[in-house]
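Student: So the chains spell out like this:
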Amino acid sequence: MIAREIAIIGVGMHPWGKFPQKSFIDLGVDAISKALADANIEWNEIETICSGIYIWGGNAGHLSGQYLASVFGETGVPIVNVYNACATGASALRLAYLSIASGQVDVALAIGVDLSPEGFLTAKSDNPRQDRDVLRWRMVGMPNPIYWALECRKRMQKHGTTEEDLARVKVLLSQYGAQNPNARYKKVYTVEEVLTSKMVCDPLRLYEVCATSDGAAALILCAANKARQYTSRPITVAASTIGSAIYGDPTLRISALSAPSKAEAPLLSESYSSSQQAYRISGIGPEDIDILELPDNSSWHYLQYLETCGFCGDGEAERMLQDGETRIGGRIAVCPSGGFSSFGEAIGAQALWQVVEVAMQLRGECGPRQVQKAKVGMAQTYGLMGNSGTTILRV
Amino acid sequence: MEEDGKEGKKVPALPDLFTWSEDGVHLMSARCGSCGAFFFPMYHEQHKPGCSRQGIEKVLLSKEGKLASYTIQYYMPPPPFKTDREITPYIVGLVEFPEGIQIAGIVVECKSDQLKIGMVMKTTTFKLYHDQGGEEIVTWAFQPAKA
Numbered sequence: 001m002i003a004r005e006i007a008i009i010g011v012g013m014h015p016w017g018k019f020p021q022k023s024f025i026d027l028g029v030d031a032i033s034k035a036l037a038d039a040n041i042e043w044n045e046i047e048t049i050c051s052g053i054y055i056w057g058g059n060a061g062h063l064s065g066q067y068l069a070s071v072f073g074e075t076g077v078p079i080v081n082v083y084n085a086c087a088t089g090a091s092a093l094r095l096a097y098l099s100i101a102s103g104q105v106d107v108a109l110a111i112g113v114d115l116s117p118e119g120f121l122t123a124k125s126d127n128p129r130q131d132r133d134v135l136r137w138r139m140v141g142m143p144n145p146i147y148w149a150l151e152c153r154k155r156m157q158k159h160g161t162t163e164e165d166l167a168r169v170k171v172l173l174s175q176y177g178a179q180n181p182n183a184r185y186k187k188v189y190t191v192e193e194v195l196t197s198k199m200v201c202d203p204l205r206l207y208e209v210c211a212t213s214d215g216a217a218a219l220i221l222c223a224a225n226k227a228r229q230y231t232s233r234p235i236t237v238a239a240s241t242i243g244s245a246i247y248g249d250p251t252l253r254i255s256a257l258s259a260p261s262k263a264e265a266p267l268l269s270e271s272y273s274s275s276q277q278a279y280r281i282s283g284i285g286p287e288d289i290d291i292l293e294l295p296d297n298s299s300w301h302y303l304q305y306l307e308t309c310g311f312c313g314d315g316e317a318e319r320m321l322q323d324g325e326t327r328i329g330g331r332i333a334v335c336p337s338g339g340f341s342s343f344g345e346a347i348g349a350q351a352l353w354q355v356v357e358v359a360m361q362l363r364g365e366c367g368p369r370q371v372q373k374a375k376v377g378m379a380q381t382y383g384l385m386g387n388s389g390t391t392i393l394r395v
Numbered sequence: 396m397e398e399d400g401k402e403g404k405k406v407p408a409l410p411d412l413f414t415w416s417e418d419g420v421h422l423m424s425a426r427c428g429s430c431g432a433f434f435f436p437m438y439h440e441q442h443k444p445g446c447s448r449q450g451i452e453k454v455l456l457s458k459e460g461k462l463a464s465y466t467i468q469y470y471m472p473p474p475p476f477k478t479d480r481e482i483t484p485y486i487v488g489l490v491e492f493p494e495g496i497q498i499a500g501i502v503v504e505c506k507s508d509q510l511k512i513g514m515v516m517k518t519t520t521f522k523l524y525h526d527q528g529g530e531e532i533v534t535w536a537f538q539p540a541k542a
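Line order of the protein sequences matches chains A and B.
Under this note's numbering, the residues of the first sequence are numbered 1 to 395, in order.
Under this note's numbering, the residues of the second sequence are numbered 396 to 542, in order.
Incorrect hints may have been included.
[Unchecked claim] Selected chain A positions facing chain B (Cβ under 7 Å, derived; list incomplete):
1. Lys18
2. His62
3. Arg132
4. Trp137
5. Arg138
6. Ala149
7. Lys154
8. Ala259
[To be verified] Here chain B is said to cover these stretches of chain A; the calculated rule only asks that three of the stretch's residues, wherever they fall, bring their Cβ under 8 Å from a Cβ of chain B:
9. 77-88
10. 122-130
11. 139-145
12. 250-258
13. 291-302
It is worth saying that the hints were derived from the structure and are not from the lab.
All C-beta atoms, glycine included, are put in the ideal place defined by N, C-alpha and C.
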């Protein structure tokens with residue numbers, strides 16, 4: 001049961017892109033400043049800070065919350081830094097949520113910032129005994145998209161997914177990204193342009209895998225009974241959950257070199273876990289959701305997540321896409337932001353950006369990409385070694 | 396993808412992952428006597444929930460398995476991946492062993508139009524580079540069981 005109802009009173013984000021002249025502090029301060037202004041709240045009223053760890057930032061990045069807080073002025077409030085790979089921002093949000101739900105505080109800030117290194121993300125240690133990430137790089141040469149391509153090929157074999165289906169995902173999302181001032185990529189593509197883009201790891205092409213970007217997103221949460229002191233449009237957080245993997249999941253998880261052959265648990269079981277928890281806690285099911293921001297790291301993810309999170313049955317995602325059910329104006333608007341396809345990954349920040357987007361949609365602030373009459377939205381993350389986050393919002 | 400060079404002394408790039416003899420090349424796994432799970436690498440235990448984790452034995456996986464998936468990689472990965480020559484495009488396959496575990500590895504001796512899910516693959520080695528002493532630094536790999 002939810003101990004207290006909790007609302008989002010402020011959102012802010014630094015647009016996604018590449019900003020070599022900026023520091024993570026610059027991006028984080030920008031997002032927090034915008035969230036404070038949006039909530040019409042003073043910095044001194046923030047009672048706790050839950051910050052995503054910026055893994056490429058050394059000591060400062062590991063203590064990102066303290067560094068960011070010092071810019072605004074240190075006030076002695078609890079600051080906790082969290083890392084959960086792609087679900088880092090969702091973990092910061094959940095901690096902020098629980099801090100209020102427990103009654104310890106009434107107002108909490110969740111912040112995530114990332115400046116991605118150039119090119120492929122790679123191993124962060126050199127000890128294969130304790131970091132199997134080292135094994136996958138040294139022994140097999142496996143960048144992340146290889147994992148996606150292996151699962152995608154399985155899907156093509158099992159469900160008859162075509163190259164055109166994979167291209168259609170990019171085509172659709174590029175139309176939304178073009179209308180989003182916060183997106184990094186704003187060019188609209190045709191199926192032919194996607195299908196003639198460079199092959200990265202067959203069957204996935206350049207425009208069918210996401211880039212790595214820089215970005216920051218911040219949210220201010222408040223006990224619902226106090227929310228209207230700050231905003232006339234509070235958005236209720238109906239669930240904020242984290243899931244982990246389930247034994248017997250046949251997904252070859254990023255960093256692993258092995259997986260069970262026989263499926264005794266769902267594919268992407270960590271995301272299945274987080275979404276199922278969210279449905280249970282909120283009493284909201286996939287059929288009630290108007291907007292879904294899912295982690296389209298590749299075209300395969302877009303299709304698979306519709307099934308993993310229960311929006312369609314096994315092998316039905318391609319038909320949903322072809323029939324326009326996932327369009328704005330369709331049965332459920334999927335990634336009306338333009339998705340990772342238009343933003344690119346910014347690991348520590350992306351889960352919070354997804355929630356900011358859903359909140360803006362529910363407030364009706366999305367201009368040409370606005371989903372009409374949207375009442376309920378969901379933000380769903382991916383996860384590196386078996387972790388994932390789900391957030392469900394409602395007006 | 397080019398074939399391995401002349402048979403120098405082969406040394407695994409990292410220990411305890413695969414081994415070879417006249418019998419062929421085998422991946423090194425471990426099996427839990429309690430929950431029955433197989434691990435790869437063998438030192439990364441991943442038990443069924445609640446398992447007592449008793450009776451873990453090192454085992455060699457079968458030489459052959461079936462191709463469960465594959466991809467062709469067109470870009471050279473960054474370090475710590477190291478080869479002494481350009482190997483792109485290279486194939487990475489996921490092979491399902493009879494023991495019930497799927498394992499990823501580079502695929503050699505196979506043209507991309509030969510690839511077919513379900514085809515029988517055998518474990519082999521693949522030269523990454525020669526070290527300064529002239530030894531061949533190798534990793535495990537898979538190739539079609541039938542030429």
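Student: Now tell me, hint by hint, if it's right for this structure.
Tutor: Now for the hints, and whether the structure bears them out:
Interface hint at A/Lys18: violated, since its Cβ lies 18 Å from the closest Cβ of chain B, which is beyond the 7 Å cut-off. This hint is violated: A/His62 has a C-beta 22 Å from the nearest C-beta of chain B, more than the 7 Å allowed. Look at A/Arg132: its Cβ gets to within about 6 Å of chain B, closer than 7 Å, so that hint holds up. Against a cut-off of 7 Å between C-beta atoms, the interface hint on A/Trp137 holds, since the closest Cβ of chain B lies about 5 Å away.
Evaluation of the A/Arg138 hint against chain B yields a held restraint, the C-beta minimum of about 5 Å falling below 7 Å. The interface hint given for A/Ala149 is met, as the beta carbon of that residue sits about 4 Å from the closest beta carbon of chain B, less than 7 Å. Given hint, A/Lys154 at the interface with chain B, holds; its Cβ is 5 Å from that chain's nearest Cβ, closer than 7 Å. Given the 7 Å rule on beta carbons, the hint for A/Ala259 holds: about 5 Å separates it from the nearest Cβ of chain B.
For a cut-off of 8 Å, the count of residues in the stretch 77-88 of chain A with a CB near a CB of chain B stands at 0, and the three-residue condition is violated. For the stretch 122-130 of chain A, the stated coverage by chain B is satisfied: 5 residues place a CB nearer than 8 Å to a CB of that chain, which reaches the threshold of 3. Coverage of the stretch 139-145 of chain A by chain B holds in this model, with 5 residues showing a Cβ closer than 8 Å to a Cβ of that chain against a need of three. With 4 residues having a Cβ less than 8 Å from any Cβ of chain B, the stretch 250-258 of chain A passes the three-residue criterion, so the hint holds.
Check on the stretch 291-302 of chain A: 0 of its residues sit with their Cβ under 8 Å from a Cβ of chain B, so the three-residue criterion for coverage is violated.
The structure does not agree with the numbered hints 1, 2, 9, 13 stated previously, though it agrees with the rest.
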